[in-house]
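Peer 1: Sequence:
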Amino acid sequence: MARVCWAQHRQLRKDFTLVFEAQITLGTPPQTFVVFLDSGSSNLWIPDASCSEGQSSTCGTYCEQTPYETCLTFCQPECCKRGGSVSASTNGTSSCTTKHTFNQTLSSTYVRQPGTFKMSYQTGDVSGFLGQDTFCLYNTTLCATEQVFGQVTVMADAFDKQPEDGMIGLGWPALAYNGITPPLFNMLNQGELDQPYFVVYMKHLGPHADVNGGQFTVGGLDLDHCSSTYDVIPLTVSAGSYVSAPSSGWQTISDTASTFIGGPKAIIDNIAKE
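34 is the number of the first residue of the sequence shown in my numbering; add one for each residue after it.
In short, the hints are calculated from the structure, not lab data.
Errors might be hidden in some of the hints.
Under the rule of at most 30 Å between Cα atoms (straight-line distance), these lysine-lysine pairs were calculated in the DSS-like manner [unchecked claim]:
1. Lys-236 to Lys-114
2. Lys-194 to Lys-236
3. Lys-236 to Lys-306
4. Lys-114 to Lys-151
5. Lys-298 to Lys-236
6. Lys-194 to Lys-114
7. Lys-194 to Lys-151
None of the values given here were measured: they were computed from a predicted structure.
Just need the whole structure built from these sequences, with the hints factored in.
Peer 2: Next comes the structure, spelled out in structure tokens:
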């Protein structure tokens, strides 16, 4: 049987529909977190309880290259450029202060792992160390034991503007930092999944926020919202993402954490007309 958790629909500004998120738990007893569902990466990371002690002033290439008004939606104002250079100064507070953080001392199943952790995103970097614990999808019995994840102690200022605590990567193991097995593949390897599928259904809601925005189905197909008849598109592995590889035409990246359809203008204009 497929296990599901409901995805939450958020808006960062009233005119943008941007964020779809889900809840997970880590540890014994479980500690609950809200995470991005990101098919464009392969690691799980959560802010550590010590995260408030550090911060990062990295702005990221997205913030530095995006038009000013759009940049303000995702990034700190000091990382946005309006007719001048970008100032990467920080505001003196940690980006972790608004997050739920993981406290390893409260978990009886936690094991510290050797090595450091670092991920780079277009809006900035996160870094910290590695830990191992029991991972579950919230309000389900679907869990993976001995899941290695990043415990972030430093994160870019842009993450302060995001409502999520962390991120769960849905990508291939080959793309993961330090070869860490992603949570869904750990579930598959541990016999928790009936079928090697996951489905992300995103509901179109318009100008509504903080409501049920879709469904994340793991271990089977989403027959609540999708037909039992489906097409199969061959995939190749690219730098951090699932990539469709049709026999002709454009290759495309399917990224659940992205908020737009991007490509050559002529192609996108044709799609918009459909």
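Peer 1: For every hint, state whether the structure bears it out.
Peer 2: Do the hints match the structure? See the list:
1. Lys-236 to Lys-114: The hint is violated at about 33 Å.
2. Lys-194 to Lys-236: holds, 23 Å
3. Lys-236 to Lys-306: Roughly 21 Å separates the two Cα atoms, so the pair holds.
4. Lys-114 to Lys-151: holds, 26 Å
5. Lys-298 to Lys-236: holds, 26 Å
6. Lys-194 to Lys-114: Holds: Lys-194 and Lys-114 sit about 17 Å apart, inside 30 Å.
7. Lys-194 to Lys-151: holds, 20 Å
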